[in-house]
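Residue numbers (our numbering), protein chains in the order written: chain X, 342 to 449; chain E, 342 to 449.
Please keep in mind that the hints were generated in silico from the structure rather than gathered at the bench.
Be careful, since some hints might not be right.
Pairs involving identical chains hold if they fit within one copy or between any two copies, as the list cannot separate such chains.
Calculated lysine to any residue pairs in the SDA-like style (CA-CA distance at most 25 Å, straight line) [unchecked claim]:
hint, residue 1, residue 2
1, Lys405, Leu349
2, Lys443, Gln370
3, Lys405, Asn436
4, Lys406, Val375
5, Lys443, Glu418
6, Lys406, Gly371
7, Lys398, Ala363
8, Lys380, Ala363
9, Lys432, Glu377
Note that the structure is predicted; figures quoted are calculated from it, not measured.
Number of protein chains: 2
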Amino acid sequence: MANQSISLDRVFWALGDPTRFAIVEHLSQGSLSVSELAKPFSMALPTFLQHLGVLEKYGLVSTKKVGRVRTCTLNAERVDQARTWLEIQEKQWTNRLDALDKLLEDKS
Amino acid sequence: MANQSISLDRVFWALGDPTRFAIVEHLSQGSLSVSELAKPFSMALPTFLQHLGVLEKYGLVSTKKVGRVRTCTLNAERVDQARTWLEIQEKQWTNRLDALDKLLEDKS
DNA sequence: TCAATAGTTAGCTATTGACCTAAGTATTAA
DNA sequence: TTAATACTTAGGTCAATAGCTAACTATTGA
Chain X
342 MANQSISLDR
352 VFWALGDPTR
362 FAIVEHLSQG
372 SLSVSELAKP
382 FSMALPTFLQ
392 HLGVLEKYGL
402 VSTKKVGRVR
412 TCTLNAERVD
422 QARTWLEIQE
432 KQWTNRLDAL
442 DKLLEDKS
Chain E
342 MANQSISLDR
352 VFWALGDPTR
362 FAIVEHLSQG
372 SLSVSELAKP
382 FSMALPTFLQ
392 HLGVLEKYGL
402 VSTKKVGRVR
412 TCTLNAERVD
422 QARTWLEIQE
432 KQWTNRLDAL
442 DKLLEDKS
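Taking the hints into account, I'd like the entire structure generated from these sequences.
Next up, the structure:
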């Protein structure tokens with residue numbers, strides 16, 4: 342619920358670490374427990390948990406603990422918000438170029 | 342030319358600072374000189390130039406100096422590469438969900 | 001009930017990143 | 001040819017980040 346108020350640059354920041362970037366790639370294949378998710382990373386578990394905490398804080402990952410196992414899930418909405426922002430920047434840029442092209446045509 | 346070999350997490354990292362995020366938003370409206378671009382930011386020019394340097398290093402912005410003026414341009418290709426990665430993560434995630442749905446249907 | 005499993009908390013360290021000021025260079029307009 | 005403009009370089013500070021180990025809690029299978 343706090344997700345709405347987190348500015349997008351924080352989402353990009355969260356993705357801007359190689360470990361967290363890779364975590365997102367893994368989770369896009371399906372949900373995993375913390376220890377399954379941590380297995381491919383050569384890193385102490387507390388360090389890994391910090392990264393997971395960042396992803397959760399900025400809304401890219403949700404987790405739920407059942408018994409002693411915490412399961413981690415990708416939050417696709419948040420990924421989409423970031424994707425949309427990039428799309429908008431691209432579109433504005435190309436629209437601008439198109440407008441310039443028209444100006445040049447008119448002058449010729 | 343070095344762009345190809347820069348891993349995408351670095352691009353996200355570059356976008357993960359509020360100043361650089363805002364620079365990209367400004368540049369999507371059109372190219373600007375360093376001083377025009379820096380005007381809205383309450384920050385010493387050398388600090389601003391560092392941010393610009395990061396964006397250029399990771400391929401999000403290109404610059405060209407003519408006379409004493411350096412003009413900054415958004416590199417839309419790079420923005421698109423980041424957008425595409427996010428799109429792929431989303432798609433893999435939703436494909437996975439769809440597959441699970443089918444499994445459940447088959448069982449019922 | 002006891003040992004293994006799964007994750008958590010606390011506290012420390014080294015490096016990086018964001019910021020500054022001061023002083024420099026190169027270009028251009030007067 | 002001098003002054004203003006538009007960056008650029010050098011060098012320093014401070015806080016935040018990514019990493020670690022050690023010790024702890026909670027759950028579960030034997």
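- Message: One pair to classify: Lys443 and Gln370, alpha carbons no more than 25 Å apart. Within, between, both, or neither?
- Response: Classified as between; 16 Å across copies, 45 Å inside a copy.
- Tell me, please, which holds for Lys398 and Ala363 at an alpha-carbon limit of 25 Å: within, between, both or neither? both (17 Å within a copy, 22 Å between copies)
- Indicate which option fits the pair Lys432, Glu377 if close means a Cα-Cα distance not exceeding 25 Å: within, between, both or neither. Result: close only across copies, 22 Å inter versus 39 Å intra.
- With 25 Å as the alpha-carbon cut-off, assign the pair Lys406 and Val375 to within, between, both or neither. So Lys406 and Val375 pass the 25 Å test inside one copy only (10 Å; across, 50 Å).
- When no copy is specified for Lys380 and Ala363, does a C-alpha distance of 25 Å or less occur within a copy, between copies, both, or neither? within (12 Å within a copy, 37 Å between copies)
- Task: Have a look at Lys443 and Glu418 and pick one of within, between, both or neither, based on CA distance no larger than 25 Å.
- Result: between (37 Å within a copy, 22 Å between copies)
- Query: When no copy is named, should Lys405 and Asn436 be tagged within, between, both, or neither for a Cα gap of at most 25 Å?
  - Reply: between (43 Å within a copy, 22 Å between copies)
- Within a copy, between copies, both or neither: where do Lys405 and Leu349 come within 25 Å Cα-Cα? within (24 Å within a copy, 29 Å between copies)
- Within a copy, between copies, both or neither: where do Lys406 and Gly371 come within 25 Å Cα-Cα? Within one copy, since 16 Å is at most 25 Å while 48 Å is not.
Violated hints: none; the structure is consistent with every hint.
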